[in-house]
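J.: Sequence:
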Amino acid sequence: LQVEDYLRARGPPDAALTVIGPSWVGVDVKVQVAATSLDVTDRVVRQVRDAIASLLDPISGGDGSGWDFGRKPRASDLARVISDVAGVEHISLIQLTYAPPFDVDDTTRETSIDELSLYRRLLAYARSIDVRPSTQVNP
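With the numbering used here, the residue at position 25 of the sequence shown is 25, and numbering never jumps.
Derived by calculation from the structure, the hints in this document are not laboratory data.
Built from N, CA and C at the ideal position, the CB exists for glycine as well.
Please note: incorrect hints may appear among the correct ones.
[Said to hold, decoys possible] Each computed EDC-like pair below joins lysine to aspartate or glutamate, with the alpha-carbon atoms no more than 20 Å apart:
id, residue 1, residue 2
1, K72, D5
2, K72, D57
3, K30, D42
4, K30, D57
5, K30, D130
6, K72, D28
[Unchecked claim] Taking CB as the label site, the calculated pair distances span:
id, residue 1, residue 2, range
7, Q2, S54, 19 to 29 Å
8, T135, L7, 47 to 57 Å
9, V3, L38, 31 to 41 Å
10, D63, W24, 16 to 26 Å
Start from the sequences and build out the full structure, keeping to the hints where you can.
T.: Here it is in structure tokens:
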């Protein structure tokens, strides 16, 4: 309501105005990381989970001004913030499961104009974040 009031106060009185919110797209995140030592594993797992939650926060994530509308989170986005966590030896798994329409990653199919207009309203958020210690040993 604040946005609508703000715009109405600054626009022509007879302007048609409709303010709508985003279309939320849930992302389930599953990650396995190995810590540099057993002593720091619990802290590393906790900090990796916090880093992912911060990255995918709709308000303050991404570059700090919120996750971009229409932008699908990628494994490379997560790998960057996970690698920045002190004590991470290596990442064994990054698995992202998306709700529609982000669940399809087919660049060969033709996209309609109506579908493209929808993407400006899509806003990804972390529906679940599962971070576990890796059982794999780095060779």
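J.: CA of K72 to CA of D5, is that 20 Å or under?
T.: Answer violated: K72 to D5 is near 31 Å, above 20 Å.
J.: Would the pair K30 and D42 pass a check requiring their Cα atoms to be no farther apart than 20 Å?
T.: Status holds; Cα separation ~16 Å.
J.: For the range 47 to 57 Å, tell me whether the beta carbons of T135 and L7 fit it or not.
T.: holds (54 Å)
J.: K30 and D57 were given as a pair; does the straight-line alpha-carbon distance stay at or below 20 Å?
T.: The given pair, whose Cα atoms are some 16 Å apart, holds under the 20 Å limit.
J.: Run the distance test for K72 versus D57: straight-line Cα separation, threshold 20 Å.
T.: holds (13 Å)
J.: Is the straight-line distance between the alpha-carbon of K72 and that of D28 20 Å or less?
T.: holds (12 Å)
J.: May I ask you to test the hint 31 to 41 Å on the CB atoms belonging to V3 and L38?
T.: violated (50 Å)
J.: Measuring from beta carbon to beta carbon, are Q2 and S54 in 19 to 29 Å?
T.: Holds, at about 25 Å.
J.: When you check the alpha-carbon spacing of K30 and D130, does it fall within 20 Å?
T.: holds (5 Å)
J.: Given the range 16 to 26 Å, decide if the beta-carbon distance of D63 to W24 lies inside it.
T.: holds (20 Å)
The structure shown violates the earlier hints numbered 1 and 9.
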